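Protein chains: 2
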Amino acid sequence: MPLDRATQIAALKNVATRLRIDSIRSTSEAGSGHPTSCCSAADVVAALFFAEMRFDPKDPRHPGSDRFVLSKGHAAPLLYAAWAEAGAFDREELLKLRRIDSDLEGHPTPRLSFVDVATGSLGQGICAAVGIALNARRIESDYRTYCLLGDGESAEGSVWEAADVASLDKLDNLCGITDVNGLGQSRATMWGHDLEAFANRWRAFGWHAITIDGHDISAILDACAEARATRGKPTMIVARTIKGKGVSFVEGKDGWHGRAFKKGEELDRALAELERQFVPVPAGLNQQQLIAKPASKPPAEPAPKPVAPPSYKAGDSVATREAYGTAIAKLGEADARIVALDADVKNSTFSERFEKVFPDRFYENFIAEQIMIGSAMGLAARGAIPFPSTFACFLTRAADFIRMAAISNVGIKVAGSHAGVSIGEDGPSQMALEDLAMFRAEPNFTVLYPCDAVSTERLVALMAYHPGPAYMRTSRPKAEILYSADEVFTIGGLKVLRESAGDVTTIVTAGVTVFEALKAHKELRAAGTAVRVIDLYSLQPIDAKSLIAAGRATGGHIITVEDHYAAGGIGDAVAEAVSDAGIRVHRLAVREIPRSGKPEELLDRYGISAKHIVEAVRAVSAQRPVGVK
Amino acid sequence: MPLDRATQIAALKNVATRLRIDSIRSTSEAGSGHPTSCCSAADVVAALFFAEMRFDPKDPRHPGSDRFVLSKGHAAPLLYAAWAEAGAFDREELLKLRRIDSDLEGHPTPRLSFVDVATGSLGQGICAAVGIALNARRIESDYRTYCLLGDGESAEGSVWEAADVASLDKLDNLCGITDVNGLGQSRATMWGHDLEAFANRWRAFGWHAITIDGHDISAILDACAEARATRGKPTMIVARTIKGKGVSFVEGKDGWHGRAFKKGEELDRALAELERQFVPVPAGLNQQQLIAKPASKPPAEPAPKPVAPPSYKAGDSVATREAYGTAIAKLGEADARIVALDADVKNSTFSERFEKVFPDRFYENFIAEQIMIGSAMGLAARGAIPFPSTFACFLTRAADFIRMAAISNVGIKVAGSHAGVSIGEDGPSQMALEDLAMFRAEPNFTVLYPCDAVSTERLVALMAYHPGPAYMRTSRPKAEILYSADEVFTIGGLKVLRESAGDVTTIVTAGVTVFEALKAHKELRAAGTAVRVIDLYSLQPIDAKSLIAAGRATGGHIITVEDHYAAGGIGDAVAEAVSDAGIRVHRLAVREIPRSGKPEELLDRYGISAKHIVEAVRAVSAQRPVGVK
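Line by line, the protein sequences give chains P and W.
Count the first sequence with the numbering used here and you get residues 1 to 629, in order.
Count the second sequence with the numbering used here and you get residues 1 to 629, in order.
Just chain P, with the same shape it has in the complex:
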C-alpha cells in the first residue's frame, strides 16, 4: 500500500533519526568510529533504502537487486544500521561493532553478505560502482547502482577516472550521491559547502548533476527520481549536509572526525536530542514492508563450454603476452562471464584479440589504471570473471586497488605485460621490476608467471576458475614453445625441465629467464656439469615440497634467477618455501635502477643472463660442502 507523500517523508525522517541513534550508540559502545560522518548522510541513506532502492533484506546478494556502494567507507555504522533497520539482522548486533567476534568491522568488507566490495580507502567505491553498473548491462538486468561518496574523497584522482569512464559508457543506471558536509578529517575540505564547485566538475566530466539540501527528504526523493529519468548519462546528486547533523553540539564542528561520543553524559545528551526529533507517523507503520522488491532473478548464466587445448607447435615463437590475448579470447568463447578491461594498451597486451570477438564484453578505460582495476572489482563482485590488463609496471598505479581487492577477496584476474628489463629500449619507466613483490605481498593473491605460450594458455584458464584474485605476469620477447599441448599445469605447481642424478645444484626461475637457465644448462653440460632446472610458473601458492626435494637432491643449494628486483620476487618466494629445510638460496636478480638498451644487453648487464647463471653455478658448486643432502 503506497503511502501519501507527507506520511512517507515523516516515516523516512524517523528512519534517519534511528540510523543516527544507532550509528552513535554503536560507535560509543565500540569506543571509536565516525558517528558524525554517519549523521551527515543519514537522510540520504534513509531515503535510498526505504523509498528508492529495490532489494530483498533477506537476500542481499539477489542478482536483480539494486546495489548500494558506500564509497565513504568510514560511515560503516550507518550502513550497518540501515541493513538492521531493513531487517537483515538483529539491531542488537550493531553493538558488536568493531569487535573481533563480529563481521561489523570498522570499515565494510564482503564478509557481510550486503557488501559487494570492501571500502575504506577513499575514492575506490565509485570505481567499483562503475563495474557493478557495467555488469547490469552485461547480464541485461535493470538493477540500478547507487554510490555514496564523501566530499573529501572527491579529491582522489580515481574519482575522476570513474567519472570519465561512466560518462563515456553512458551509465544512466548509475547514481552517485556526494555527501558535502564540508569537513575532512583534519580540516575543512578543499571546497567547503560550494556545491557548484562539485556540480561543475561532474558536468565537465559529462554527468548530469543535481544540487540539493541533503537533509531535505523530499528533495532527495525528487533528485533520485530525476536521476532515474535521466537517459544517456550517469547522475551525481550533490547534497549539502552538516557533519554531525542532529546533535547540536557537534553540528558542523571541526575536531569531531573519527571520534565517538563518550559514554555517559556526552552520549546521553546526544541521544536525548535525537529522541526528541521523532515525528508522529500512523500507528503500525512497518518501514520494512515499504522496501520495493527486486525484479525476478535474471536467468542463470550458461555453464562454461569446454575449451580446445592450445594449438601451438614445437618450433613456434610466441610472446607470452600474445599467448595471453589468444587465451582470453578462447576462454571468452567458452564462458560468457569472461570480460576484459584495458587501459589503452590493448595492442601491446594483445587483449585486442578479445575485443575483436567480444566487443560488448570489452571495457576500454583509456590511460587510467585505477578505474580499470576498480571497475573489474565491481564486475567480479557481481558474477563476471574480469581480466584487466596493462603493462605490469603501470599496475603499480592501482596498487591500493589491488590491496583492497585482496581485502575484498574478489576474483579479479589481473595480467601485466612487458615485465622486466627484457623489454629493452623503452627504459626503466616501462619495466615492471616490483610487480611480483606487489602481488605476492597480498596473502590471498595467486601469482603466476608462465614462460611459454602453452603454459600461458593453460594458466589463464586455471586462474579464471581459481577462487579469489590472481595475477599473471607476461613478457614482451618472443619465446619458443617448451611444452606440449597436453602438458598438465596446476595452481601451486612447478615443472622440472632438466634433471639428472648428478645435478650439482638447482636453478629455479620463471618467465624469460627460463630460457637463460636452459642455455646455461646446455653450456654447463658441455663442460661436464649437470644442473637441475625448474620452471616455477606458480609463485603463489608455491610447491615447497618439490623445491625442498630438489634442493636436497642437488647439494643443498638453489640458485634463483629473475627479471625482477631482488626483493619480493622469485628469490624471496623460494627462500621462504625452503627456509625450514636449511637450503641455501643464491639470488640472481636486478639490483639497481636499469637503463635503456637491447634486451639481451640488459639481461647481461643486470646479472641474469645465461653467462651469470653459469658463473653462479660454478661459484656454488665450489663452495658446496661435501655430503650435505
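The reader is advised that the hints may include incorrect statements.
[Said to hold, decoys possible] Computed cross-link-like contacts, DSSO-like style, restricted to lysine-lysine with a CA-CA straight-line distance of at most 30 Å: (1) W:K598 x W:K313; (2) W:K313 x P:K253; (3) P:K96 x W:K598; (4) P:K13 x P:K262.
Honestly, the hints are just simulated from the structure, not real lab data.
Small disclaimer: the values here were computed from a predicted structure and weren't measured.
Please build the complex by placing chain W on the supplied structure of chain P, with the hints as guidance.
Only chain W this time, still in chain P's reference frame:
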C-alpha cells in the same frame, strides 16, 4: 637584438622542422620510439624553448631557470632534440638514442642534467611540475614552470589531483600545455579533438584555459604571454595538433604510435618532406642566442643549524608517529629546506606539528596521495627536502610515483603511519601490511622502521640528509622509550637489545613487535631460556654482518617477527642478508587478511605477539642441531 615577429616566427618554424627531423632520425636509428608523438608537439616545444623560456643551455640546473617537464615522456626524442638545438650537447649524440652507452634513454631520466624527474609513466610530470612551481615560491624565485602533457594521459586521475592542488595554491607560475593530437596508443583518445572537453575540465578545476591551434607558432606565443599575465591561477593551453604533423603519410593516422620510420625509403620520404618545409630566414641567424637567460641565481640556502638531541625521558610513552611530527618540526627549525606534505591526515600523522611552526612550508594535498608524492618529487628535484606523510596503507595509492621517484633517485623522505594490525579497530583497509614490501622492492630506497621516540627522531634527521629516496614506517600505539637521548643510530645499523653468552636463538624485529620480543625475552628468561633480541630499525640498507654474527652465535637460527604480511618485509630482508651463511630464518608475520579488533587481540590472533614468539623460540631450540655455529 630582438627579432621582428615575422622573422621570429619563421625562425621558430625552422626550429620545429629541425626538431621533427631529429626526432625521426634518432628513432629510426634506434629502431624504436615515438616519432609521431614528437611531431605533434614540435611547434609548441620550439616556441617554448626558443622564445618563451629563460634558461642557460650550458647550465641546465641553474636554480633561477624556467623549468620544463615533459609529462608525455615518450616524446623524449623531441626533448633531446630541443636541448641539442639549444646547444647543450652535440646534435650527433641524438643518434645514440636508446643505446646502452647513452643517457638519451627511451624515456627521460635525471641522468640527464636537464631532466628534473623521470617521466614515462603518464600523468606524473604534471604532479612534479606542481612541486617545482611550489619550490619557486619557497625560494622566492620568479622562475616559471612549463609542463607538456599528452591528451591521452589526461585520463589519469593524478592529473586532476594536480589540477586541484595547483588551483588551490594559486600557482600562476605554472603553465601546462596539452598536446591534443587525438590519438592514444591503441585508438583515438576519449575526447578526440574536442578542445572544449579539455578546457571545460580545466576551468571546472579552477584553471585559466586557452584553446589554440598547436601548429600556429604565433598563437602559441600569444597563449604563453596570456598565461604569464594571468594572476592567481595556473593556465592550461589546450593545443589542437596532428599526430605525425609534417609527414603527410602518417599525419593523423592510427597505428603509428610508438613506431619508428623504417630506414630506407620510408625514412627518406619523411625526411625529404620535412626538408622542404624550411622557410627563408635572415642569413647568420643564431637561434641559440635568442634564448633568454635566467635571472641571477637566488642566494644559496643557509646551512642547516645544529639540532638539539631528543628530549624524551625513560618512562615517557610516545607513539612513533607522534615522535615523527615532533622530529620534522625540530628539523624544520634547523633547516629551511625541510618542507612537509599532507593528505588530510595531519592530525593522525602529527605532521600538523610542522604546519603549526612553518605554515608556509607545509603543503596540504587533501585526500590525494599521488599529487602529494608527485609534488614532493618536484620539490626535492629543486633543492627542498620534502617529508610527505599519510597512513602507510594509503601510500600504496602512490606506488607508481614511488617507483618513478626511485628511477629519478630523487630525495623524497616518505613517512607512513598506522602500520600493521596494531592499529586495531579500524580494520584491514586502514592497515599497511605491504608497505615494507613496496619500498624495499626499490633498490635505492632507504627503509627505516623505528620502535621508539628517540630512534624516530634520530632517524628522521638521518634520512633527511641521506642521499636519495627514503621511507620511514611509524606506528599508532604509544610506545615506551627504549633508548637514551645520546644513543647513536646509523642508516644501515641495528641495535642488539638483549644478549648473553647462552642465547639459544636470535629474534630480529622492528617497530611495535620489538616490545613483544622484549616481553617474550623476559618470559623465557624467567623459564631459564636466553635469547638475543635485535631491533632492526634499518631494513634497507641492512647490517648483514651483525645479523650473520648473531645467527651464528645463537645456534644458526633467527626468528623474525613483523606486523606486516609475510612477503617482502623483515623476514625476507633478514633471510636474504644471511642466506649465504646458511642460517635458517623462521618468520612470524601476518598470513591472512586481518579483521577489526583490539590491537593486542590482533597481534595475538595473527601470530606476532609475545606468546607466539615464546612458542617459536621453543620450537626452534628443540630442533636446533647440536654444534651448529
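Index of numbered hints that the structure contradicts, given in increasing order = 2
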